[in-house]
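Based on these hints, arrange chain B on the given structure of chain A.
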Amino acid sequence: MNLNVMMVGFSGTGKTSYMGAMYRIFNQSGYNGFRISAVDNDNHRALLSMGQRLLEGVYPEGTDIRDVYEFELFHNNEDLLRFNWMDYRGGVLNERGNSELRDVVDQIVKADALMVFVDTPRLLSEPDESEKLLRRIQLLLQNAISALKNNLLVVSFVMTKADCVDDYEVLSKSSAWQRCANILKMLGENENVFGVVSFVKVGRECENVEYPFLHTMSMGLKMRIEQIAKELVDAVEKAKRYNEDGSLFDEVGTFFKKIFVNERSKSKWDLGNEEIAKAERLYRKFEKLENPLERIVDIIKCAIESDEIAVFGI
Amino acid sequence: MEIGITMLGTTGTGKTCYLYAMADKMANGVNKLTFSPTDFEVALELQDQWDSICEGVWPPPSDVSEEYRFTCAYSMRPLVDFRWYDYKGGLLSQRGDEVDQAERVKVLDRMNNSESLIVCVSSEHLKGLIEGDRAATRPFRAYAHLLQEFVRSNGHTIPVMFAVTKADLISKDQFEAGVEMLKTRFFSALFAEDGDWLVGFVPVSLGKNFETEGGRILGGSINPWNIEIPVLFCIKSRLDVMVPELEGMLKTCCRNREDAGVRLSRELAKSGWDRFWDGDNSGSIRTEVESLENKICEMTKKLNQMRRDIDNIASAILESGAKIYMNGYECIK
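These protein sequence lines are chains A and B, in that order.
Each residue of the first sequence is one higher than the one before, starting from 1 at the first, in this note's numbering.
Each residue of the second sequence is one higher than the one before, starting from 1001 at the first, in this note's numbering.
The following block holds chain B by itself, in its conformation from the complex:
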């Protein structure tokens, strides 16, 4: 199973740093949940990039778009694979040249083929919004437009997690005030009662007290927090959809098993003469029954495991202080 996740964000919101921090922190895991790139060389590359940040060098803005594939695991047992798309932040805000236009189309295409979105909101912009800075509203208007475009193109909503990056720069009150402003001014459609939108807000950070000059980190403490929550939100929202689908398939399988059982009984009740005359199908029906029983066993096991995985992820999200809304109402879990 693979989930497509697109992280939207204008230049400077921290998408690339987020990716490196997430790859490092989640390689070791949080609450037994780990993310690891499916390609070992890519894992080495991401690790080197994070080590570079730890040695005091911020990465330059992305100048190429790349797709990464990760495996999310619980106690090293694979849960789900997800695709992650990193691209030039400027693509969403600039008009750009032909090449950029082509790249922009690719980003929008990726977004349309994703199962979840993470919208990177810089806490600097959020602060600007609270303080009435008009320029700070630009990215939010761009995101609102993109989400409307998504619904128009696809005819359905998509789970959206707003990751407030560099959250060490704002207080809890400022975070909550900013969230309220976003809900009412730019994204009210996502909180309509029958809108069918699943939306979340979570503060994330790479650490605190960073002092930066000329691309170098001169001071501060690197200690990423909540970095895994946006992706876990995306994974949980997908699993929540898959559970009823799997339950439906299991019911169908059980019905088929019952039917096959009835046919087998009828076949075994045939007389020797009937079997000689009509042929004996009991062998093939038995095989069918066995195969259905194995399938039912596997599906039941998978379903139970999926439910446990959802619980584990839900606990992690709950502990982070993230705010999750469904149809405009805050979800407890």
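Same shape as in the complex, but just chain A:
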């Protein structure tokens, strides 16, 4: 099943631009061996073209329809996982009585990973409006977390247009930033949520674009690895139990059932061997995902040490 990544943000926060820049970086040259590719060719061409125009300083028009992009993630040309990336019209989050809003909110609540886009310079230039929007983002996050039960949620805060902020000290004292920091603090204290905060720049030059994306992908890999590990442990336990419970009597009994009753039953030892074969297959899958995950963890660690990003949660 694909990882579902949902962008959360109002109109003009730079969701679509980020997607274009991210695709250009990870599709054309790749980053530390990581590469992505859109499964649909039309999407691939559209995203590359958007990425190219960004290099020329041309930003995309606001998204006017909802779209789901399916991507594949590779590492050193080995396919790792597929993920869905959802874009939508940012203005819809401000509208009421709209079925499109319900759909978008529903997608946000069901997503495995959220990328929250915040217009950084607007926190200073329009603090009241920004606080209003942040309250709404908090409500959306609350709804998403309420639906989690025991699952995990990755939340990446992408502080966009970082190059347009003159004074970060003034920003850190603003009420809108305090609201943002409060949300991050509460997210950090929730044991089911983790993520990063990064100030990004998108355009002719890009900065820090790769970190929120890679962090999100690391969670996709972790979730896949955990799922495989659980199935692996389960298979090994079952194999152990079948082998312990198996006996000569059981083998003989099963043999007679097959011959006289024509029952397609299997002996405990047969079932045990099947579980062992399953465990071996799962272990190969596990190995394939482990190295790329370690690589991402190293990249994120270096970024934290050089103060390019901050993390919260685990």
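Derived by calculation from the structure, the hints in this document are not laboratory data.
Remember, it's a predicted structure, so these values are computed and weren't measured experimentally.
The C-beta atom is built at its ideal place from N, Cα and C for all residues, glycine as well.
Some clues are possibly wrong.
[To be verified] What follows is a set of in silico ranges between Cβ atoms, one per label pair, in the way DEER data are often shown:
| id | chain 1 | residue 1 | chain 2 | residue 2 | range |
| --- | --- | --- | --- | --- | --- |
| 1 | A | 192 | B | 1319 | 26 to 36 Å |
| 2 | A | 125 | B | 1295 | 31 to 41 Å |
| 3 | A | 305 | B | 1002 | 41 to 51 Å |
| 4 | B | 1295 | A | 301 | 34 to 44 Å |
| 5 | A | 192 | B | 1069 | 18 to 28 Å |
| 6 | B | 1291 | A | 274 | 21 to 31 Å |
| 7 | A | 307 | B | 1209 | 44 to 54 Å |
| 8 | A | 58 | B | 1291 | 51 to 61 Å |
| 9 | B | 1172 | A | 230 | 51 to 61 Å |
| 10 | B | 1240 | A | 192 | 23 to 33 Å |
| 11 | B | 1298 | A | 284 | 53 to 63 Å |
| 12 | B | 1295 | A | 227 | 17 to 27 Å |
| 13 | B | 1262 | A | 244 | 14 to 24 Å |
| 14 | B | 1132 | A | 125 | 51 to 61 Å |
Just chain B, lined up with the frame of chain A:
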């Protein structure tokens, strides 16, 4: 888990403003506790209504009844959901027409299906009561009657929090004098030693120094305080009941696990011939044991978390200056 909360209050006691203020303040949270509507569109609507108050316009009296659903969370971790019912304040005091009678029945029905009540007492009425204004006693007599009706219909008591609204209009001494009068004159039954009533009083306010004219706020400072305490009281009272219930279920689960363990040992001790002849049930019993162990683990985790949540909520209530009584005695915590 969902809790039903009904806020009782006559016209002008501030139920609707309370709802908007609570939705706004608790969206950001107090002591890491947040309330957020389960429906995002409803959240937008409540936010718009509160913004309207901040821009200087009091909402008109409610002319429709609506039910809202909220999630109470601690550090964004969901604790409990609660249902909140907002209705025309006049329904409780007026005789009204047929439509109002039908609506009144709905309110009473909602009240009977609630786990907690919040009674809105306007500080203006409380002041009137202290000053001997007979007209000021009318709402309190109505509330006392409703509570008696509740016990008659349901056969049990219900936690009640008296929220003294517009508390910026009275002093601390007036608040305490008013509480004493309510305890002795109208609600003495709620303070009987073996009455089994859990009752609280808390002052709440949207701010101070409001100057109002023709529905517009001309001056004053909007800064809601204690707005979350009545709901936290309701949530805590429900959690206090659920903890012993969960402890009982956990004990039963542990007993079942022990029994299953004994059965598994007996099954594994069977000889090969017995297993061939009688069949081997060890697999299914093992599955049963595992399932019970997982259940015990989950329930223990939930119980510990519930106890921590109760402590967090209790701290918040304690800090507010609210007065809480159980069987007529003031509770320390």
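Violations among the numbered hints, reported as their numbers in ascending order = 2, 11
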